[in-house]
Amino acid sequence: MAHVFGGLANLRSLLRRRTAPGAMPGTLTGDPTTTTTSIRVMAYGPERLVEQEVDDPSELTALMAEWPVVWVDVDGLGDVAKLRGLGEVLRIHPLALEDATSCHQRSKIERYADHDFIVVRMINLGDRIVTEQLNVFLSQGLVVTLQGERPGDSLDPVRARLRTARGRIRELGADYLAYSLVDAVIDGYFPVLGELGERLEKLEEEVVTALRQDAPSRIHSAKHDLMTVRRSLWPLREAMGALWRDESPHIAPGTRVYLRDCYDHTAQLMDIVESYREVTGSLMEIHLSSVSNRMNEVMRMLTVIGTLFIPLTFITGLYGMNFDPALSRWNMPELRWQYGYPFALALMVVTSGAFLVYFRRRGWL
Amino acid sequence: MAHVFGGLANLRSLLRRRTAPGAMPGTLTGDPTTTTTSIRVMAYGPERLVEQEVDDPSELTALMAEWPVVWVDVDGLGDVAKLRGLGEVLRIHPLALEDATSCHQRSKIERYADHDFIVVRMINLGDRIVTEQLNVFLSQGLVVTLQGERPGDSLDPVRARLRTARGRIRELGADYLAYSLVDAVIDGYFPVLGELGERLEKLEEEVVTALRQDAPSRIHSAKHDLMTVRRSLWPLREAMGALWRDESPHIAPGTRVYLRDCYDHTAQLMDIVESYREVTGSLMEIHLSSVSNRMNEVMRMLTVIGTLFIPLTFITGLYGMNFDPALSRWNMPELRWQYGYPFALALMVVTSGAFLVYFRRRGWL
Amino acid sequence: MAHVFGGLANLRSLLRRRTAPGAMPGTLTGDPTTTTTSIRVMAYGPERLVEQEVDDPSELTALMAEWPVVWVDVDGLGDVAKLRGLGEVLRIHPLALEDATSCHQRSKIERYADHDFIVVRMINLGDRIVTEQLNVFLSQGLVVTLQGERPGDSLDPVRARLRTARGRIRELGADYLAYSLVDAVIDGYFPVLGELGERLEKLEEEVVTALRQDAPSRIHSAKHDLMTVRRSLWPLREAMGALWRDESPHIAPGTRVYLRDCYDHTAQLMDIVESYREVTGSLMEIHLSSVSNRMNEVMRMLTVIGTLFIPLTFITGLYGMNFDPALSRWNMPELRWQYGYPFALALMVVTSGAFLVYFRRRGWL
Amino acid sequence: MAHVFGGLANLRSLLRRRTAPGAMPGTLTGDPTTTTTSIRVMAYGPERLVEQEVDDPSELTALMAEWPVVWVDVDGLGDVAKLRGLGEVLRIHPLALEDATSCHQRSKIERYADHDFIVVRMINLGDRIVTEQLNVFLSQGLVVTLQGERPGDSLDPVRARLRTARGRIRELGADYLAYSLVDAVIDGYFPVLGELGERLEKLEEEVVTALRQDAPSRIHSAKHDLMTVRRSLWPLREAMGALWRDESPHIAPGTRVYLRDCYDHTAQLMDIVESYREVTGSLMEIHLSSVSNRMNEVMRMLTVIGTLFIPLTFITGLYGMNFDPALSRWNMPELRWQYGYPFALALMVVTSGAFLVYFRRRGWL
Amino acid sequence: MAHVFGGLANLRSLLRRRTAPGAMPGTLTGDPTTTTTSIRVMAYGPERLVEQEVDDPSELTALMAEWPVVWVDVDGLGDVAKLRGLGEVLRIHPLALEDATSCHQRSKIERYADHDFIVVRMINLGDRIVTEQLNVFLSQGLVVTLQGERPGDSLDPVRARLRTARGRIRELGADYLAYSLVDAVIDGYFPVLGELGERLEKLEEEVVTALRQDAPSRIHSAKHDLMTVRRSLWPLREAMGALWRDESPHIAPGTRVYLRDCYDHTAQLMDIVESYREVTGSLMEIHLSSVSNRMNEVMRMLTVIGTLFIPLTFITGLYGMNFDPALSRWNMPELRWQYGYPFALALMVVTSGAFLVYFRRRGWL
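Protein chains in written order, with our numbering: chain S, 1 to 365; chain Y, 1 to 365; chain V, 1 to 365; chain R, 1 to 365; chain X, 1 to 365.
If a hint is listed, it holds; no wrong ones were tucked in.
Heads up, simulated DSS-like pairs for lysine-lysine below, C-alpha to C-alpha not over 30 Å straight-line:
id, chain 1, residue 1, chain 2, residue 2
1, V, 108, Y, 223
2, R, 108, V, 108
3, Y, 108, Y, 223
4, X, 223, X, 108
5, V, 223, R, 108
Derived CB-CB ranges, DEER-like:
id, chain 1, residue 1, chain 2, residue 2, range
6, V, 294, X, 363, 25 to 33 Å
7, Y, 277, V, 78, 33 to 41 Å
8, R, 271, S, 59, 53 to 61 Å
9, V, 40, R, 50, 55 to 63 Å
10, R, 212, X, 212, 22 to 30 Å
11, X, 349, S, 365, 22 to 30 Å
12, Y, 114, S, 164, 23 to 31 Å
13, V, 199, Y, 165, 54 to 62 Å
14, R, 353, X, 212, 25 to 33 Å
15, X, 365, V, 361, 28 to 36 Å
16, X, 88, S, 58, 53 to 61 Å
17, Y, 330, S, 365, 43 to 51 Å
18, S, 75, X, 166, 25 to 33 Å
19, Y, 210, X, 349, 35 to 43 Å
Hints are computed from structural coordinates only; laboratory data are not their basis. Don't be surprised by glycine CBs; every beta carbon is placed ideally from N, CA and C.
Build out the structure end to end from the sequences listed, making use of the hints.
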């Protein structure tokens, strides 16, 4: 059951990763688990697209002057100097950069003077639900994404669409690219919820058919996973709502209808999560009710059996008394009857039968 | 009890039906379970009405030019090419069309540049509550409805009213037609809730009179149904509120009073659902209280019976001891009394009687 | 206990009374349980007042032209034709008229072009709480009230004040009359709540002093009654808030201060209902705690008694063994002691005493 | 336990005190428990202050013309005629006057054309929490306070400050006086909550150390008291928020900062009440958990004792059987062994010991 | 367990520290536990910084005229006269000063004419969570901080940054200093929550592996701590939101982006607290479920053992009866069989075996 609170350990480790209390705002801590920061650039217009690895952030200036849209895709938070250089070249606000590198931000959208700063959390379902922070900076003709914690992300379909020029993505601006990235992240929640749903169904099967003792902790574990998703989705929905509703100079009016769609998807996801939570709550109630039913049944049956034998034992005790029938004709004359023993046995059978009938009438059996 | 979570399986299957994560927005998936898409058109003015089957969406342009109001009634989401053609001819926004064909949208109202897009979920009560998506596109003089999942819908009364020209429906515009369709869908909730109410009454009867062991799972099942209706009604009410309150160029001011009426009906429905939920909660409490009462009664009675016999068995044991009265006059002289055995029996009766009186005084019997 | 869900049956019957799904808006169903619709008119100015029965709605036009304020008081929804005529003469919107005749509306206030439409639910406490719909239409110089379900209403004090010209009611306009009517309905809630409170007090008395087995269902029944009142009050308060706050051409600014007072009363009523609900919840908790306490006490005492006898029975069994003291001096020499039997009895007394002391020390007795 | 629902009886009695349903608005009922209404006046400017008893309300006109601020302090609601006269002379709106004399108003602030009407409920902690209504009318240069139910109030400190001219109270206007009065009432909540807190601490002590059977009802009683305070504070906070935020012609901008302070205090009070409620909830949980723990322990120990004796009794029964060892060497040869009896005793000790070890290993002991 | 309600005693003591009810607003009580009030000043511009101890508040005027930013850092609330002098020299509103010295304010932000008044509560984790009030007054070029209860605060990192001129803190104005102070306080919550999380993990370990009887009270204690943090964070977040969103003449637009960051941190903290609360709730449920499981298992096993012996004891009783086989061949002929005793033993073994098999089949064992 130790895994129930993986989430707890996770939260605590994030608390440790923070900059020291009272540190200067804008301090970059970077990620101590890695030392590299790779910068890949995709620059494109409707007709052409180049992809290249960039080592010195200052090379970006030329690219930004040449291409309509430039996507700077930063992976790994190990090289603090490079990150700081990047922030200066691309005019990212120090506070935003600090948030982007601290890995434990909630999903949010913040408007800075020179750019919009969007944080969304990508979801991953391994043994437990894990979320990873994706930072998106959006300004005129420029999208910067920054991610760190683990290799792999949900953005490959967007890269593929850019390369193959499927749809109108290459014709539209940086705002549409940012939307596509956020949308890909949100789409990543759907299969995770599908998988969670399958696990819930399996759990349900077990709760209903077998009285497994680890059911409560497994149900709690499922509940905890759902809470993690919910806590991740809630600010995501809020952020998407703000992104769609609040005007931004960096987002064309035509793109906002797509952002509304994103918002809509988060609302659907919340709906599904709420359904799952409700089902999980029902599972616990049904489990407890089954446990209590079974306990009641066992105790009742055992007590009934015990009670049935009590008068029998009394009768055997009766005729085990040492009153001497030879001394007085009042002293247990049955002992001297020819059919005394069968009479005693019959007495027992009749008594038990009477009890049985009585119990069954009262519905206790 | 497996049917408790039909809803769960249902939700999960919807998750599978989605377009792949990261897919281009506006991608149409269609419905893999069918291959056809039929387009029926009702075009009418105050005086006349024509109904015809349309095969090529481009035929619609002529109809729309000729008639004051055109209702394009699309059934089945199997023919993706036809759907795409339809979207182009009728200038439906690709995002709206994608939503309309994905079958798992919540009720909502979205304003696009060229049209309003209304999603409402129709309700059906078979073995379980099932909801089906109805998409309504409304622009000047044009209403497009799109539905897919199952045959049959709640719109036949509207078709009949159009044909017989009952009321003023033919004199009023496309907005009134859209209202009539949405109103018909909302009206479809009332008989379903009536039926649910009857089931609840029957369930109540059983819970109160018989202690059936499947009561908890049946109550949970009813609860689940109510939650499904509630989850369907909640966004419906919100959408109706937005439809009524927010100005739209496609809706005449005179029609808005009808939309307020729709909103009012959804509020009434929510009221009924809340009452049912409250009753269902009471049922569970009463069931649990009955179960516990019965268990308590059984255990108490059994224990009382057991306790009554305990002193009797003790007395029999007493006189079953092998102290020899012949050896000493202190050794159970009762054994040698003439009326020793009746005395022992009387002792037992008196003891039991005393216990009975004591138990009854304390109210344990 | 069948009466617990009288409310349920009630709700369901309302669902049956509705117009068919998809019916034309503005369809009047009337009330199938009656065939009559009586129209009484009170027309008045500061100086004079006439009361008359009106049979043909068209007679009202003359009265409205002549008198400053006309109150058309319609009772019974049986005569659909008369109701439709009334609607036309008094220019009541068809949707409002449909709502007014369908008897299951929540309290609300709706502004139509020609009039305000106010629905309030009157309360009645028979065996169960019952609410009845009162419809009030307010336009310049005209108040129409429409009610149906049962004879008798809460409006008689207003009629009396009009006849005797007490207060300034005859000097003020139709809006003040409408206020007086709504106020009378709201005032009708106070004695009902008083009566409910008395029942709760009686119930409390019983729950605390006697452990009656029907307590849970009676508490649930009280809870249900309170929920009915609450569900009736909630929209009433909302409607009163809207009536007071939103400007209406039919309500003079001087009257709005009175409507605020109405709103205030509904808030007070909600307060009382919430207090009652809280008390009812406490009653259930106290009942359950008493039941469990009593059960615990009984079981503990019975088990203690049983346990006290167990060593006694053991001792009797011991000396009932058939080891022959004559064969060996190790074989239960007590049997041959002169005071063997008294010794055994003493042993029993000492053992029981030790147990008693131990139990009491541990606080089990 | 009857005192649990003192609050209930209280509420109900208030319901009885109301004017009859449908009564004319503005009807004064007065207080049937008293017959007097005393009017004390404090009129003051920065330099001087007069205090006098006024018998005829019309005397007030002269005082108001002469002094910058006049505080009319009315005590007792018995003399309806005097109250009505007061209302006319001071131009108090009839509805406000009706509310002021009906004693069961929630805290509120209402703006009338000629004055602001503030209702606050003073708190008193006797055996139970009791609240009393204080009505404050504020217009230019005039403050009227009206209270009825009991002698004594929380306003004496303000009177003292006026007399001694401590602080700037005499230099500031009527609005500052009204603020001071309301502030004194709110300050009166703090010691009451302090006392409640002490009671809670005592209760906690008892719940934790002793298993008193009246704990649930005492906890409920405390909960009830807290609910009473909460129900009183909630509208008070709302009213203070409205008083501070909404502009009023009778309140100088400089005074509003003081009213914000009042609002702040109510928020603090709510905070404390919420903490107490949380603690009370914990107490109940801890009590129930203790009760169940103790019950479990008792039953387990008793059952263990019983179970330990069961095999002993069986062995005694075994050697109490009447098989005759003389007839066959298979018939209980132990009976004829020299050390048969010690052997049997040893058998018992070993069996019991084995059971004890087993129970302890399983952790049942 | 007495420490569960340390918080309660704490709250109550705060209630005692208040000024008397009805006291003049602006009354300073000071802190009776100390007699000193020390004033340290840090005055700085981009180039230079002086630090000095100030004894007479009037010395501050000269400093304020000379330096761009002056930070007046007041420690200890014992010297009421000095505090009053400070308030006059620095033009602090009397109400704000009263709040600042009363030590039990909730976090808040209040705008006064001459300054902003910010209250934040610093957190400290000793044995229990304790919060301490930090008052910040912000006006043009001046920041006053006032704290009292305990030595030590969270502000040292800011002092260090000022002295070493790290970052741009010395170049920016008083508003940035105020932000840095508040930010340092908020940062102080993170390690406390980290520590709380570690305690929760340890508690979890214990709840899951051992059934400790003090688990409920320890879980409640953790819950209580979390509630304390939550009650402290909630108004803090609100205050930060107001600080960031509402325009103030004392806060430059460029500083507001930093305040948004502060707000963001409080939201993150709330998130963590909510996760912890959820985990704590799960712990209680798991504990209760374990306790009940274990109790059920023990009782079931004991009852099964008891039940297994019941028929055995019956059989021994049977053959302990005194029917004389010599008198009749119907009287227990087994007693005279050669293998009668082995037969009886076998009978017992078979009966017990049958019961065992039956119990195991029914799944009771």
